[in-house]
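Please model the complete structure; the sequences and the hints are all you need to start from.
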Amino acid sequence: MSVTFFDVKTKQNVTVDDGKIKKTKFERKLKSGSVQTRYALKADYQGRKLFKFVSKGDWDGLKVPQE
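Quick note, the working numbering runs 21 ahead of the 1-based positions in the sequence shown.
Calculated from the structure, these hints are not laboratory results.
Mixed in with the good hints there might be a few duds.
Stated by the list, open to error - DSS-like, lysine-lysine: derived pairs with alpha carbons at most 30 Å apart: (1) LYS43 <-> LYS30; (2) LYS44 <-> LYS30; (3) LYS73 <-> LYS30; (4) LYS44 <-> LYS73; (5) LYS70 <-> LYS41; (6) LYS46 <-> LYS63; (7) LYS70 <-> LYS32; (8) LYS46 <-> LYS77; (9) LYS70 <-> LYS30; (10) LYS43 <-> LYS77; (11) LYS50 <-> LYS77; (12) LYS46 <-> LYS30; (13) LYS63 <-> LYS84; (14) LYS73 <-> LYS50; (15) LYS77 <-> LYS30; (16) LYS73 <-> LYS84; (17) LYS50 <-> LYS84; (18) LYS32 <-> LYS73; (19) LYS46 <-> LYS84; (20) LYS63 <-> LYS32; (21) LYS43 <-> LYS63; (22) LYS63 <-> LYS52; (23) LYS41 <-> LYS84; (24) LYS32 <-> LYS46; (25) LYS30 <-> LYS41; (26) LYS84 <-> LYS30; (27) LYS77 <-> LYS41; (28) LYS52 <-> LYS77; (29) LYS70 <-> LYS43; (30) LYS63 <-> LYS30; (31) LYS32 <-> LYS43; (32) LYS32 <-> LYS84; (33) LYS63 <-> LYS73; (34) LYS43 <-> LYS84.
As structure tokens, this is what we get:
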């Protein structure tokens with residue numbers, strides 16, 4: 022399976038294989054005291070780092086290593 026990322030430098034969509042993808046979470050504390058979690062996929066493509074934010078369901082369903 023592969024995932025489509027948007028390459029900002031070339032302004033095109035690129036497809037990256039699962040072997041080059043890692044999943045990660047970004048957490049931050051809000052003013053109200055609660056914690057916001059964003060789920061993302063990271064990939065290296067031609068020396069550039071690509072990020073794609075995904076839903077928790079997509080993040081949980083993807084079988085790639087977590088960073």
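Which of the numbered hints are not met once you compare them with the structure shown? none
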